[in-house]
Each structure stands twice: as C-alpha cells, then as structure tokens.
Amino acid sequence: MILKNIKKIYGDKVIFDNFDIEFEQGKITAMLGRSGCGKTTLLNVICGSVEYTGEVERPDKISYIFQSQRLVPNLTVYKNLEYVLSYIRDKNEKNKRIDEVLKMVEMYEDRDKYPSELSGGMAQRASLARAFVYDAPLMLMDEPFKGLDVSLKKRIIDVFKRLYERDKRTVVFVTHDIDEALFLADRIIVLEEGGKVVYDKTLSVDRADRKAGDFAEFKNEIYGIL
Amino acid sequence: MKKFLAKFGGVIYPFAAICLLIAVWEVFAAAVNIELIIPDVKTTFSHLFALLGQKTFYKAVGNTLLRSLISFALAAVFAMALSLLSLLDVIKKLLSPVIKVMRSIPTMSIILLTVIWLKPSTSPILITFLIIFPIMYSGFFSAITGVDKELIEMSRTYKVPIKNRIFQLYLPQIMPSALDNMQSSISFTVKVIISAEVIAQTRTSMGIMMQLARGYLETAELLAWTLAAIALSYLLELVVYGIKKLVVRWK
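Heads up: the protein sequence lines correspond to chains D and Z, in order. Note that numbering that gives the first Met the number 0 numbers the first sequence so that position 156 is 155, with each residue one more than the last. Note that numbering that gives the first Met the number 0 numbers the second sequence so that position 10 is 9, with each residue one more than the last.
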C-alpha cells in the first residue's frame, strides 16, 4: 500500500505536507510518536475517512479496529459480526466464518450477548473478531490494546497473533506502547509533528521467537527520539 | 426501610402521591363547601361509576380514542418521514421556518380556523395533527442527528450498505428517544383532541360530554369525565411504554 504526496491541514496546523510512505504487503507496521503528531490522522487518510490531497493506493476493503470498540449496541456480538458481512450472500458460509472467528477469540459462548453485557476485554475481542471476519487485505488499528490491564492485554495480543497468522494481512497500527510495537511489529516507524518519519526500522527476529528484553537497543533509540 | 422503598418504591410513591392529591381535593372541597364549585371525592366518583354503566360513555370515549389515535399516527408517520428527509440539507432548510411557524401559532387560532374549514367530526383530527406534528418532528430529528457518529463512521469504513445501516443502526438507535417523545406526545394528543371537540361541538365525544356537563352545572360529572380523560391518557402512555420495552430490549 502506497501513499504519495499527502497533504493534510486541520485549520492552521499542517499535519502532513508532501508525505510519502509505503507499507509492505503482509507485514505488521507499528507507528509511534508524540500525541498530536498525526498517527491517527494517517490511519484516517489511509481509510479515506478524512479529506486530504495526494494519492493513496488502497485496497477495496479495509478492516479497522478503533480506539473505542464501536460495537452497535442494539446488535448481539454475533449480529455485530454479521453486520459487516452483507457482501456474503450464502448464509451458511457467513455463519461458518463468524463461528470460526468467534471460537478463535473465545467468544462463541457469548455470541448472543449485547455489548452492554460485555466486559471491556470481551468488547475488545468482539471488535477484533469483527475486523478479522471482514475479508480485507488491509487492517488498521488505533491503539487497540489501550486501557487493558497487563494480563488481559497479553491474552488479547495472543488472540490477535493467532488471527493474524491465519490470514497474514497487511497491518498498520498506532500505539504509544514501545513494548507492544517491539513484540508485534515487523517494522517500527516513529512520526514527528509535521508528518516527518524520524525513525524507521525493520525487525529481523521472527515474532514467535521474540522475548521480553529483546531489542533493548531499539527501545533506547526510540525513547531517545520520543 | 431503604431496601423496602428501593424494592416497592415504584408502587408506593405513585400511590402516596394519589392519596395526597385526594386528601388535598377533600380539604379544598370541605373548605369551599359548594358542590357546584368543587364537589367532594365521593360525589365525583359516584358520578364516574354512573357513567361507567352508560353506553354513551363508551361511545364517547371510543370516538375520542379513535380520533386521538388517527391524528397521533398521522403526526408520527409524517414527523418520522420528514425528519429522515431533513438529513438532506435542502429539505431541512425548507422545513425549518415552516416548523417554527407551526410551533408559534396559538393553539386557539388553529382550533378556531380548522372548525371553519372542516366538519365537527374531522376538525379535531387536523387540529391535533397540526399541534403535535412540530413537537414530534423536532424530537425525531434530534434523535436522528443524535445517532453515534462513531458508529456511522464504522459503518462507512466497513462499507455496510445503506439499507442495512437504516434498519440495523439508525432505526434501532432512534427508537428509544423517539418512543419517549411519543409517550409524552400521546397524552398531549388526548388533551388537544378533547379541547378541539369542545370548540368543534363534535357529537358523541368526551369533549362535548364535558361541555354538556358544564352547561348543566354538573361539576361532579365534569370532574368524572376529567378523571376518565386522565385514565385514558395514562393507559395510552402505558401502551407506548410497553412497546418501548418490547422494541428496546438491548438497553
């Protein structure tokens, strides 16, 4: 996925000017940076939900895991997943796909619950399930694990990894958590205000082999920039 | 005590309020001591029970109820349709001054003009429609524009078809406040219909029966009809409340 010559202004503030970036297919890219540097804006430019000038080569379908789960409150967990699958005409195929993903996120037993009946972690898993049930080659995530306690975050990251390994989609995610980025991403980018990429590193160690304490050098470099 | 009130408060407080109102009524009736001005509770309820045994009572209530439901349904359908169309800026800008004028016209002007234009049996329907419609339109439009923008954005990102958005997102999201709006509008509808029936001299209606009771200086009977009107309004509100409980199960 390629972005060329992107310009985005909010009022008097220039978020991006003549900004170019390319994301490799099938890889996970983590974007870090100080608040207000344009990370979420970049995700919104990629999915086309904000006005901008420039070129974006984007796929026809994009999954998005938002900061707030954005589950439709009047639909059950099952129906929330079905809501995004209207392009699948075959009901059996639709049901099969939803059941499979719900089982992977361990929410099959909770499929008839409404969002108001879900805990924060369950709602986040439902949001993940919706993103993965939707057949999109590109997935955007905006601080998807924010606000979760340590053990719940680990569980949900493990769920994400299981789902990702199944499809190997192109993933671009925004986070403030360096450890999260080092644990999940193939590539780490740090953005600065004005839309400049001030750090861009590809991690060579396989995700499955990564351990806490790895990449101390990268961590120090990133902390130095932030 | 607190636990008891928490469990049974829903019944105790309304019952206590009714008892208090009845007590105040009795005190005033005793203080004035002129049945023509304020009959006491026992006299009023005797007249009410007498009414309940008469065919004309049920005919009058039935006709008033029918007119109320027709004007309410018309106002609700038009208000919902126009408020959805008002999502288009052009329609919203065209309708806005019309709604403002409709809200500002004195109720009595509407009543007096409509009885000139229409028959006594139908003028109350138009009168009530003209008064209720702008209130319902504003309520529905506010509910529609209040649909969570983040959910709308999510639907766009996932390319959910418009038809699915309307039936699975917009309408269910609008329903709770739309039904709240309807619950308060329905008792107002009954009030306006009865006023209109009095002015229009609509035969076999609650309005005209109240007018006749007043004409014969039967204050107790007039109050009995008033209690019947209150009961009718309350029942209709309960029906809308029941519909809301059925439709909005997810909250």
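If you are wondering where the hints come from, they were derived from the structure by calculation, not from laboratory data. Ideal placement from N, C-alpha and C gives every residue a C-beta, glycine not left out. Hints may be right or wrong, so weigh each one.
[Unchecked claim] Straight-line distance between alpha carbons at most 27 Å, and here's what the computed DSSO-like set of lysine-lysine pairs gives:
| no. | chain 1 | residue 1 | chain 2 | residue 2 |
| --- | --- | --- | --- | --- |
| 1 | D | K145 | Z | K148 |
| 2 | D | K60 | D | K218 |
| 3 | Z | K162 | D | K145 |
| 4 | Z | K162 | Z | K6 |
| 5 | Z | K158 | D | K78 |
| 6 | Z | K162 | D | K78 |
| 7 | Z | K148 | D | K6 |
| 8 | Z | K91 | D | K95 |
| 9 | Z | K58 | Z | K118 |
| 10 | D | K152 | D | K167 |
| 11 | D | K60 | Z | K158 |
| 12 | Z | K244 | D | K78 |
| 13 | D | K90 | D | K112 |
[As the list claims (entries may be wrong)] Label-pair distances were calculated between CB atoms; the ranges are:
| no. | chain 1 | residue 1 | chain 2 | residue 2 | range |
| --- | --- | --- | --- | --- | --- |
| 14 | D | G223 | Z | D147 | 37 to 47 Å |
| 15 | Z | S176 | D | G10 | 56 to 66 Å |
| 16 | D | S115 | Z | S45 | 43 to 53 Å |
| 17 | Z | L234 | D | S115 | 29 to 39 Å |
| 18 | Z | I151 | D | T52 | 22 to 32 Å |
[Said to hold, decoys possible] If you only want the chain D side, here are some residues facing chain Z, beta carbon under 8 Å, derived:
| no. | residue |
| --- | --- |
| 19 | F22 |
| 20 | C46 |
| 21 | I61 |
| 22 | Y63 |
| 23 | S67 |
| 24 | R69 |
| 25 | N73 |
| 26 | L74 |
| 27 | Y82 |
| 28 | V83 |
| 29 | S85 |
| 30 | I87 |
| 31 | R88 |
| 32 | Y198 |
| 33 | T201 |
Evaluation of the provided hints:
{"no.": "1", "hint": "K145/D - K148/Z", "result": "21 Å, holds"}
{"no.": "2", "hint": "K60/D - K218/D", "result": "34 Å, violated"}
{"no.": "3", "hint": "K162/Z - K145/D", "result": "33 Å, violated"}
{"no.": "4", "hint": "K162/Z - K6/Z", "result": "43 Å, violated"}
{"no.": "5", "hint": "K158/Z - K78/D", "result": "16 Å, holds"}
{"no.": "6", "hint": "K162/Z - K78/D", "result": "15 Å, holds"}
{"no.": "7", "hint": "K148/Z - K6/D", "result": "25 Å, holds"}
{"no.": "8", "hint": "K91/Z - K95/D", "result": "44 Å, violated"}
{"no.": "9", "hint": "K58/Z - K118/Z", "result": "19 Å, holds"}
{"no.": "10", "hint": "K152/D - K167/D", "result": "21 Å, holds"}
{"no.": "11", "hint": "K60/D - K158/Z", "result": "8 Å, holds"}
{"no.": "12", "hint": "K244/Z - K78/D", "result": "20 Å, holds"}
{"no.": "13", "hint": "K90/D - K112/D", "result": "21 Å, holds"}
{"no.": "14", "hint": "G223/D - D147/Z: 37 to 47 Å", "result": "40 Å, holds"}
{"no.": "15", "hint": "S176/Z - G10/D: 56 to 66 Å", "result": "33 Å, violated"}
{"no.": "16", "hint": "S115/D - S45/Z: 43 to 53 Å", "result": "50 Å, holds"}
{"no.": "17", "hint": "L234/Z - S115/D: 29 to 39 Å", "result": "30 Å, holds"}
{"no.": "18", "hint": "I151/Z - T52/D: 22 to 32 Å", "result": "24 Å, holds"}
{"no.": "19", "hint": "F22", "result": "17 Å, violated"}
{"no.": "20", "hint": "C46", "result": "6 Å, holds"}
{"no.": "21", "hint": "I61", "result": "6 Å, holds"}
{"no.": "22", "hint": "Y63", "result": "5 Å, holds"}
{"no.": "23", "hint": "S67", "result": "6 Å, holds"}
{"no.": "24", "hint": "R69", "result": "4 Å, holds"}
{"no.": "25", "hint": "N73", "result": "4 Å, holds"}
{"no.": "26", "hint": "L74", "result": "6 Å, holds"}
{"no.": "27", "hint": "Y82", "result": "6 Å, holds"}
{"no.": "28", "hint": "V83", "result": "4 Å, holds"}
{"no.": "29", "hint": "S85", "result": "5 Å, holds"}
{"no.": "30", "hint": "I87", "result": "12 Å, violated"}
{"no.": "31", "hint": "R88", "result": "12 Å, violated"}
{"no.": "32", "hint": "Y198", "result": "28 Å, violated"}
{"no.": "33", "hint": "T201", "result": "28 Å, violated"}
The structure shown violates the earlier hints numbered 2, 3, 4, 8, 15, 19, 30, 31, 32, 33.
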